[in-house]
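Got chain A; can you put chains B and C on it based on the hints?
Protein chains in written order, with this note's numbering: chain A, 1 to 324; chain B, 325 to 668; chain C, 669 to 1095.
Just to be clear, a hint being listed does not mean it is correct.
If you anchor each label on the Cβ, the simulated ranges turn out as follows [said to hold, decoys possible]:
| # | chain 1 | residue 1 | chain 2 | residue 2 | range |
| --- | --- | --- | --- | --- | --- |
| 1 | A | 183 | B | 444 | 52 to 60 Å |
| 2 | B | 444 | A | 88 | 32 to 40 Å |
| 3 | A | 57 | B | 521 | 25 to 33 Å |
| 4 | C | 828 | B | 649 | 43 to 51 Å |
| 5 | C | 710 | B | 601 | 47 to 55 Å |
| 6 | A | 34 | B | 593 | 38 to 46 Å |
| 7 | B | 526 | A | 183 | 58 to 66 Å |
| 8 | B | 612 | C | 681 | 40 to 48 Å |
| 9 | C | 681 | A | 88 | 28 to 36 Å |
Calculated from the structure, these hints are not laboratory results. Quick reminder that beta carbons are idealized off the backbone N, C-alpha and C, glycines included.
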Amino acid sequence: MPVLTYLDAIRQGIWEEMERDPSVFLLGEDIGVYGGAFKVTAGMLEKFGEDRVVDTPISESAIVGAAVGAALMGMRPIAEMQFMDFISCGFDQIVNMAAKIHYRWGAKVPLVIRGPSGAGTHGGPYHSQSNEMWFVHTPGLKVVAPATAYDAKGLIKAAIRDDNPVIFFEHKFLYRRIKEEIPTGDYVVPIGKAIVRREGTDISVITYGAMVWTALEAAQDLEKDGISLEVVDLRSLLPYDEETVLTSVRKCNKVILLHEDTRTGGMAGELAALIAERAFEDLDGPVVRVTAPDTPVPFSPPLEEYFLPNAKKLMDAVRTLAEF
Amino acid sequence: MAAKKTANTISHGGRLPKKTLERMLYCLKVTREAESRIERVLYRQGKIVGGVYTGRGQEAIGVGSAIQLVDGDVVLPSHRDFSSFFIRGFTLREIFLNWMARAEGPARGRDNTLHLGDIKRGVIPIISSLGATCPVACGAAMTLKWRGKGHVALVHFGEGTTSRGDVHEAMNWASVMTLPVIFICNNNSYAYSTPTEKQFVVGKIAARAAGYAMPGVTVDGNNVLAVHGAVRKAIERARSGMGPSFIECKTFRMTGHSAHDAANYVPKLLLEKWAQRDPILQLEKLLLQQKLITRGRIQKMEKEIHQQVDEAVAYAEASPMPEGADALKGVYCEPECWWQDRRP
Amino acid sequence: MSTNVIMPQMGESVAEGTVVKWLKKVGERVERDEPLFEISTDKVDAEIPSPASGVLTKILVKENETVEVNTVVAEIDGEAARVATPEEKKQAAPPATVPPALPLPSGVKAVTRVAAPPQRVQGEGEKIRSSPLVRRIARENNVDLTLVHGTGLGGRVSKKDILSYVAQSPIGGTVPAAPRPIPSAARQSAGPRMAFSSPTEVLAMTPMRRQIAEHMMASQQTSAHVATVYEVELTKVVEMRAQHGAEFEKRNGLKLTYTTFLIRAAVEALKEFPIFNSSVEGTNIVYKRDVNIGVAVTLDTGLIVPVIKRAGEKNFLEIARAVQALAERARGKKLSVEDVQGGTFTITNPGAFGSLFGIPIINQPQVAILGVGGIEKRVVVRHDAIAIRPMVYLSLSFDHRIIDGALANQFMGRVKTYLENWDEPVI
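In isolation and in its complexed conformation, chain A is listed as follows (with noise of 0.2 Å):
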């Protein structure tokens, strides 16, 4: 099997699917002739042609509107936004326009927006946010976030293939950093399902995106110290699985919820109300959350670190829990 990378996996995925399906386009900012600014569109346009690798002018709205409106028509568009950060600037079209438009009136949405998210690459704060959680708020739209290169393309192809407006969150940091054996034939990866990382059976670390591999890296320091830890990769966020998360709390019985997103109405939130409430006697220990706290992301590489979970900061918390 081949190595790819988790950027070359969303590639992969994407290519396969335009290949498979002659109604996916992408549409984005110097995706065609540039290939992208972290070239996950390389080639493409020369592969595909002007139709179905679209340039647009710097209108992030509009590249959502119209990713809506050709969708509605019987395409399915994938929209890059060059960094996650940008989607704000077509808020409305996702929140107003494509998240309702099935439950208000019954049309078919199938378009997915990608781009990079999350920071370690000194971004500062307009290049580094992970700001999964405006949409999980959101009904009517899916949320996805892979730790894995395998993932990544399995789910970047559920994503395209899905009849909703799905929000694919890649993480930059991931993007050249890691790689794995992926098959060649083709796979999907269901959104809506995680994923036990590690069996363990002291602490369930229950995580997302590149905080998958700060939770697998202290799994394997505390193992040492004679501590399991469990880790689940949620991979979607919306809709996300709760039987996989209350298994895992009913198993270790003590749980650490950590992600890269800031604190306050973080997913860790959203998991520590699903587990006090259907999970409440399972639990012996308070259920702690390991996250970036309430700032925006600094740039300056101290206090970005500062700002990250990591796994000395998450080893601390399971060290306390541990103990408790």
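Showing chains B and C alone in chain A's frame:
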């Protein structure tokens, strides 16, 4: 709906056939009667749920434009374009069901007023943050262009909406991509209570078109034939692959912003002046003068319309409200689609 | 038919309106859509058309009076269809954002929708630091948390602590939260002793003894015990054992015991009569999806009831294996908490010690228990002739609160038929 015509066999210029003119008058009158019933009768009887926004006085814009669309074209009407929905095939029953929030209505109680969509009938409705349909029209038009059958997208919005960024993004986009979109601005002089001079200082909003290198014209929006002519030219241009156009239809909102708005900020004299230019009276007068219709025929038409509206209202009133728990259904389009299951 | 005329809502935010003028008097006829009255609201003044044709019979809101929107302001008696007032509209209220129903323990379905009241945790000191999980385990195992040594932060009783405590206390099963205080056997023994002339020796009960004592007393206090006894012929079962016992043991490394036959027969009867696989919670009967059979095992220190989980889904061999494994763990004192929890029905075997039959006490919160007497050849009458057959007495104690005698006898009839006509292959 002019189902038999196709995009490539549309008549160019010249006098409109008598049948078309009579149909225009009929559509104008249906719109006026239905909207009057909604605003001045049913709403006040508590039978309409939610707010009421009508297009009294500006019916000619929807009629003059939608009447020349063919199957495969797409229209994105504004909330004051009742006639666009009617001409594209939404029945009076469907429309009244929706105003009364009934389960059987096209939106099944999920969305109100004229938020009615149906891709088969080529209608994409607004969302309440107006202007958002302009980029959507561009996306629809991209698809129409790729399919190469000469179909067009018509998007309607008010002059207040032109202050929104989406309108700019869409006009620029349509122009850059040479898309078959016709931007139709119903300039009815007030955005809720705000007069045009507080929205923009350029005298005619059509002047904006030049900035996007597209044709922009200002026409009498109360003259259905003037609207028809301007839209016809824009459609011809779009169908032949020359790209978008902008049409400003000058008109006047003869009601409040909504039925609960007494619109005391509108000078009485202005209302009286515009009442003289009522689009329905104008067309009626013209047709009578040119002996294209008789008073008897008009009276018969009005009687029929009254009956049609009565029937639709009675039907809607007798129709059940939705079940509360249905609110949970159809959030996502899944293989077992709730909408598909219940579609007759 | 009369029609209510209401104060219309003229704008989303408008809450009330004032009747400015009535255009019709009581008794006057009004046509549908004919102006009936004038109103004034915060936003607009309007003339309101009549919703129906008929005679204005009542004016309920006088001129210059202000009322809330949707208030009935007048009535019209006429032929027109009634206007649905908001109260009459069949539109259900939007669901509040309530959490999903609290989960019942796995495999339990409540018979009614009435949520069972939360059970009080018994014997837990208010000041013991623990966790929701620990409190649940304590409740399920009738553990007094004050007795558990806490090793967590600040002496908190942790999951590990309670699990090791429970694992050391051998009785399985659960004790329900009783609605009234249970007289404690242990406490009674500590009370004033009766005068007794001859010398005595006082020994404190072992923790296991104490738990059994409490458990048995609690059951007596809780259930309305009734028993029924059946005599069952085991010819077919004995033949099965004789024919296949050796082969069974060779293939599976297990003895082909009567217990497995009895469990299978009980499982079949439980499937047919699910009320025997239920428990009582307040005024609800809680039916359990899984059939988990407890089998009482005697230890030299007392009694323990390991549980065969999901016995309803296991075949003969799987049950035999489970019995064997649990018995080994019980004797080796290696049972886990899991092993002794969650039973839904119990089988006990006083016959092992030569009893003809026993009348067992129900293992709470279950509602029935099957007692197996000694198996021996007895003289019986068959076809009006004396015959010698392997026989057993099976007794069933059941909770008369929810199970009547007729049903108990049908249940036992099913067990008897199954055993007497045994045709299930064992290999």
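Hints and how they fare:
For the pair residue 183/A and residue 444/B, the supplied restraint of 52 to 60 Å is violated, since their beta-carbon distance comes to about 40 Å. Under the hint 32 to 40 Å, the C-beta atoms of residue 444/B and residue 88/A, about 34 Å apart, fit the expected range. In this structure the supplied range 25 to 33 Å holds for residue 57/A paired with residue 521/B, their Cβ-Cβ distance being about 30 Å. Between residue 828/C and residue 649/B the Cβ separation comes to about 45 Å, which falls inside the hinted range of 43 to 51 Å.
Taking 47 to 55 Å as the suggested C-beta distance range, the pair residue 710/C and residue 601/B does not conform, at roughly 32 Å. In this structure, residue 34/A and residue 593/B break the distance hint of 38 to 46 Å, their C-beta atoms being roughly 59 Å apart. Evaluation of the 58 to 66 Å hint for residue 526/B and residue 183/A yields a pass: the beta carbon distance comes to about 59 Å. Distance hint for residue 612/B and residue 681/C: a CB-CB separation of about 45 Å, consistent with the stated range 40 to 48 Å.
At roughly 29 Å, the beta-carbon separation of residue 681/C and residue 88/A lies within the given 28 to 36 Å, and the hint holds.
Hint violations for this structure: numbers 1, 5 and 6, all remaining hints satisfied.
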